[in-house]
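S.K.: Residue numbers (this note's numbering), protein chains in the order written: chain A, 1 to 453; chain B, 454 to 679.
Source of the hints: derived by calculation from the structure; they are not laboratory data. Note that CB positions come from ideal geometry on N, CA and C, so glycine has one too. Watch out, some of these pointers could steer you wrong.
[Stated by the list, open to error] To list a few chain B residues with every Cβ distance to chain A over 10 Å, as calculated:
id, residue
1, Arg490
2, Pro505
3, Ala523
4, Gly562
5, Ala566
6, Ala603
7, His618
8, Gln668
[Said to hold, decoys possible] Chain B side only, calculated, beta carbon under 7 Å to chain A, not exhaustive:
id, residue
9, Ser483
10, Gly494
11, Cys495
12, Leu504
13, Tyr506
14, Pro530
15, Thr558
16, His559
17, Phe563
18, His565
19, Gln577
20, Ser581
21, Gln582
[To be verified] List of simulated lysine to aspartate or glutamate pairs, EDC-like, C-alpha gap at most 16 Å:
id, chain 1, residue 1, chain 2, residue 2
22, B, Lys591, B, Asp667
23, A, Lys144, A, Glu133
24, A, Lys162, B, Asp650
25, B, Lys599, B, Glu621
26, B, Lys501, A, Glu271
27, B, Lys593, B, Asp610
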Amino acid sequence: MPRWSTVLRAPSLAALFVWFCLQPQAYGLPSFARQTGQKCSACHVGGAWPQLTPWGRFFKLSGYTAGKSLWEEDKEGTPVPLGVFGQAGLTWAAQPNDTQGNSVISQNGSPQFYQLTGEVGTKLTNFMGVFYEYQVGNTFPGWKGTSGPADVRAVHFFHFGKNELLVGVDSNNSPTVQDVWNTVPDWSYPFYSSPQSLSGPASPIIGSLGAQSGSIGAYALLNRQFYVEASFYRAATGFFRWMSAGTSFQAGGKNYLEGNNPYWRAYWTKEHGPHSLMIGTLGMQARVYPDSSNPIGPVDTFTDYGFDSQYQHLGATHKLTLRGSYIYERRAWDGSFPAGGTTTPKGNLKSLNMSGSYAYENNWVFHAGYFLTNGNSDSALYAITDPSGNQVTASPKTDGYNLEIDRQVTQNVQIMAQYRGFLTYNGLRHNIDGIGRNASDNNTFWLSVFFAF
Amino acid sequence: MTIPKSYIYRFALPSVLLIAPFARAEERSSAATIVTRTCSGCHGLDGKSQLPYVPRLAGLSAAYLERKLADFRDSAPPPVDEAFSRFIHAGSARKEASISPAANTHMVGFSHAISDGDRKAAAQWYASQVPARGKSGKPKLIEEGKSLFANGLQSQDVPACQSCHGAEAQGTNIAPRLAGQHAAYVVAQLAHFRAGDRQHAPVMTAVAKNVESDQARALAAYLQSR
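So here's chain A without its partners, still in its complex pose (with noise of 0.2 Å):
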């Protein structure tokens, strides 16, 4: 017999979605609304982030420099350049437990704070603008407070005849974090993720050192078309640490870099109409400690080689997004290797993201995305023993797909219901742990809302 509280739960959850759903017209950042006066739609696809429109993308590249910055005062008064973001759901598993009975994805069916967000977000002069989330996020179990997403820029326009050159100067905590398309590693599809939900046991490195790394970058966009930049990252200690706030490299298992690691970036768009393309590509060479609380001695050599390419169809009603990217990384494990972290002393991993978006006004968002994660196996690094201690597999191939569906409540709020289905895991379709799981048994149900003020 069901406890009351489930049974109680469950139409009253179903009875919010549908009010919520149901309400009239919806309509980024909140600070950065403040200062341009802008609904989130102006720079987020269908109102939903983050999925940048073209204007949404210009703003960045121009240094969020746009309406008024934080020392304008005039007789509407000085916009508030803060914002706070939260988000609370709940996560169903296909099998949140494996045949033993041990819990593989914790608190299932149960609602959850999954995080609240300050953010900083403003125009410091025409030419200068800033942008930093700080994030207390749940862990499961724990919480736990560390730097989000850390941008500033400083630009200039120079125009000579009919042309425009921008050329920008750019610090920030993440590769790819100062990007502004929804193809590269932090701002691609899924866009957010329960924690609750598993994802492959490998990533590229170019998407691994959010808040690990600070950087100096200068980028170049002409006539708005071709753009070109080169950055330099570092481990995120001295003059950057204020980005790897909450960040202890001490505790071990972070990406620490040795000196500067370059990464660089280029792409050519056009906008015809309604329809924008981009294609392009970026990549890094980063030089890693194998153990972050110990940097010393010879390190990890990745080197990551991206291409990705977009196609986005604004209508003024129905509005279309296509994404592609494929990064190779090429791994020299000239410090795990000896030290038994590995057992390959080269390998590689490639990473596949396809997807796409449909929105309809600022109302609805429909996503569907397929990922692809593989590269060579390594007993060391992806294995996974039965009780009795035998391998089962030893290969990061997993792949799978997202179905989901945004509901604009209010500008303010949005309600996500993600679906996250795996084809393989760790190699595997059948019997991924040596137990009977099946890789689809670690599909999730994801309902959640955020809400941003």
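Based on these hints, arrange chain B on the given structure of chain A.
M.R.: Leaving out everything else, chain B in the frame of chain A:
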């Protein structure tokens, strides 16, 4: 690749010092600054927008543009904290913007976010741009639109458009230039006039009520071709 560890520190300061003089120079150029950063993302630097529902502003009269911006400025801005405002203003007689929804979404907010001087500078910038060249379309539709524009439709009480907008649709100080305008934008605006969304323009609100949808498309095709 190995570079000296002090590279970033050496690079950061010179970068700021290098960019600062340019930035100071740009602060003095109000029109370029405001148009580049705030307007050009949608309307284009040259006023020839790509998005078919965003109006082309090149060559519109400065007086008209300034008046439109003043209308936007006089409208209540969309609340950023919409969820709060629903409760705070529930049942109150809050002043709603009597302009089209698209303009309410974007232009009202910007008009409040920039200064009087910036609004004037932006209007003059776009007024001084070379107007967009016409795009070809269906000849039959264009012919029908041309006749409507030049002669109006007495049977439907629609006056000749050229009487206010000029014989070449070049615009006047009281009516905007329409030559070369996006057809989709013209059709959408006529629909907004008919629906009473643009009450700042009582003349067009009255005229548009008598224009049928297919006639609006013909007019739009003709104007886009100019």
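S.K.: Hint by hint, note whether the structure agrees.
M.R.: Quick rundown of the hints versus the structure:
Separation of B:Arg490 from chain A is inadequate, the least Cβ-Cβ distance of about 5 Å not exceeding the 10 Å criterion. A cut-off of 10 Å between C-beta atoms contradicts the statement that B:Pro505 is not in contact with chain A; the least separation is 6 Å. No Cβ of chain A comes within 10 Å of the Cβ of B:Ala523; the nearest lies about 15 Å off, and the non-interface call holds. Non-interface call for B:Gly562 relative to chain A: violated, since the shortest CB-CB distance, roughly 3 Å, does not exceed 10 Å.
Under the 10 Å C-beta cut-off, the non-interface status given to B:Ala566 relative to chain A is violated; the minimum distance is some 4 Å. Consistency note on B:Ala603: stated as away from chain A, and its beta-carbon is indeed over 10 Å from all of that chain's, at 28 Å minimum. The claim that B:His618 is not at the interface with chain A holds, since no C-beta of that chain comes within 10 Å of its own (minimum 24 Å). With a closest Cβ-Cβ approach of about 21 Å to chain A, B:Gln668 is found to remain outside the 10 Å limit, as its non-interface label requires.
For B:Ser483, the shortest C-beta to C-beta distance to chain A is roughly 9 Å, which exceeds 7 Å, and the interface hint is violated. A least Cβ separation of about 4 Å between B:Gly494 and chain A falls short of the 7 Å threshold, and the interface hint therefore holds. Look at B:Cys495: its Cβ gets to within about 6 Å of chain A, closer than 7 Å, so that hint holds up. Nearest Cβ of chain A to the Cβ of B:Leu504: about 6 Å, under the 7 Å cut. The hint holds.
For B:Tyr506, the interface hint holds, the least distance from its beta-carbon to any beta-carbon of chain A being 4 Å, beneath 7 Å. Interface restraint check for B:Pro530: the shortest CB-CB distance to chain A comes to about 6 Å, inside 7 Å, so the restraint holds. Interface restraint check: B:Thr558 against chain A, minimum CB-CB distance 5 Å, threshold 7 Å, status holds. The interface hint given for B:His559 is met, as the beta carbon of that residue sits about 6 Å from the closest beta carbon of chain A, less than 7 Å.
Nearest Cβ of chain A to the Cβ of B:Phe563: about 6 Å, under the 7 Å cut. The hint holds. Taken as an interface hint, B:His565 checks out: its beta carbon lies about 5 Å from the nearest beta carbon of chain A, inside 7 Å. Taking 7 Å as the C-beta cut-off, the interface hint given for B:Gln577 is violated, the closest approach to chain A being about 16 Å. For the restraint placing B:Ser581 at the interface with chain A, the shortest Cβ-Cβ distance is roughly 14 Å, beyond the 7 Å limit, so the hint is violated.
The criterion of a C-beta within 7 Å of any C-beta in chain A is not met by B:Gln582, whose closest approach is roughly 11 Å, and the hint is violated. Only pairs whose Cα atoms come within 16 Å are accepted, and B:Lys591 paired with B:Asp667 is accepted, the gap being roughly 13 Å. Proposed proximity of A:Lys144 and A:Glu133 is supported: the alpha carbons are some 14 Å apart, at most 16 Å. For a cut-off of 16 Å, the pair hint linking A:Lys162 to B:Asp650 is broken: about 37 Å separates their Cα positions.
Of the pairs offered as hints, the one joining B:Lys599 and B:Glu621 holds, with about 10 Å between alpha carbons and a cut-off of 16 Å not exceeded. The straight-line distance between the Cα atoms of B:Lys501 and A:Glu271 is roughly 12 Å, inside the 16 Å bound, and the hint therefore holds. A C-alpha spacing of about 23 Å is found between B:Lys593 and B:Asp610, which places the hinted pair above 16 Å, so the restraint is violated.
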